[in-house]
Amino acid sequence: ARLKELENKAQELYFASENTLVLVEKLGKLVAIYMGGTFPVEQGDLHMRWKLVSRRFRDLQKCIVLPIGSLSTGLCRHRAILFKKLADYIGLPCRIARGCKYCVADHRSSCLVKIEDDKKFSREYVV
Numbered sequence: 002a003r004l005k006e007l008e009n010k011a012q013e014l015y016f017a018s019e020n021t022l023v024l025v026e027k028l029g030k031l032v033a034i035y036m037g038g039t040f041p042v043e044q045g046d047l048h049m050r051w052k053l054v055s056r057r058f059r060d061l062q063k064c065i066v067l068p069i070g071s072l073s074t075g076l077c078r079h080r081a082i083l084f085k086k087l088a089d090y091i092g093l094p095c096r097i098a099r100g101c102k103y104c105v106a107d108h109r110s111s112c113l114v115k116i117e118d119d120k121k122f123s124r125e126y127v128v
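The end of the sequence shown is residue 128 by this note's numbering, with every number in the run present.
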């Protein structure tokens, strides 16, 4: 149910955004808010909250697989997966790449979005 809500919000952003760069920024903010807010790095409070939330969820579900739409807190890799899911849903081309300058964990991930400008030059943006 929560994932469907996010898909609907992503679609609203898609129709309301005047260009792709604005859409990417708004979608990134949506994912950040949904996954526990913004943090300068993945250490400290965010990492502690993730451990607590994931442990509770695993205990409740009796399973190590956590549905991405059910998480209220997430590290870079979880945010990248959710961003990719929502981007795919609205038809925004992007890919998940290894590496993130904000991550300290071994599973560093971020999303790369390719955007063409008015002169038909393509640039990749890290989200």
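These are calculated hints, taken from the structure and not from any lab test. Watch out, some of these pointers could steer you wrong.
What the hints assert, rightly or not - No more than 27 Å apart at the CA atoms, straight line, and that leaves these computed lysine-lysine pairs for DSS-like:
#	residue 1	residue 2
1	Lys-30	Lys-5
2	Lys-10	Lys-115
3	Lys-10	Lys-86
4	Lys-27	Lys-115
5	Lys-30	Lys-115
6	Lys-5	Lys-27
7	Lys-63	Lys-30
Please read all numbers here as calculations on a predicted model, not as lab measurements.
Against the 27 Å threshold, does the CA-CA distance of Lys-30 and Lys-5 hold or violate the hint?
holds (17 Å)
Satisfaction of hint between Lys-86 and Lys-10, Cα-Cα up to 27 Å:
Holds: Lys-10 and Lys-86 sit about 13 Å apart, inside 27 Å.
Straight-line alpha-carbon gap Lys-10 to Lys-115, limit 27 Å
holds (21 Å)
Within 27 Å, alpha carbon to alpha carbon, are Lys-27 and Lys-115?
holds (16 Å)
Hint consistency between Lys-30 and Lys-115 [alpha-carbon to alpha-carbon, up to 27 Å]
holds (18 Å)
Given the hinted pair Lys-63 and Lys-30, is their alpha-carbon gap at most 27 Å?
Roughly 31 Å between the alpha carbons, so the hint for Lys-63 and Lys-30 is violated.
Satisfaction of hint between Lys-27 and Lys-5, Cα-Cα up to 27 Å:
holds (17 Å)
The structure shown violates just one earlier hint, number 7.
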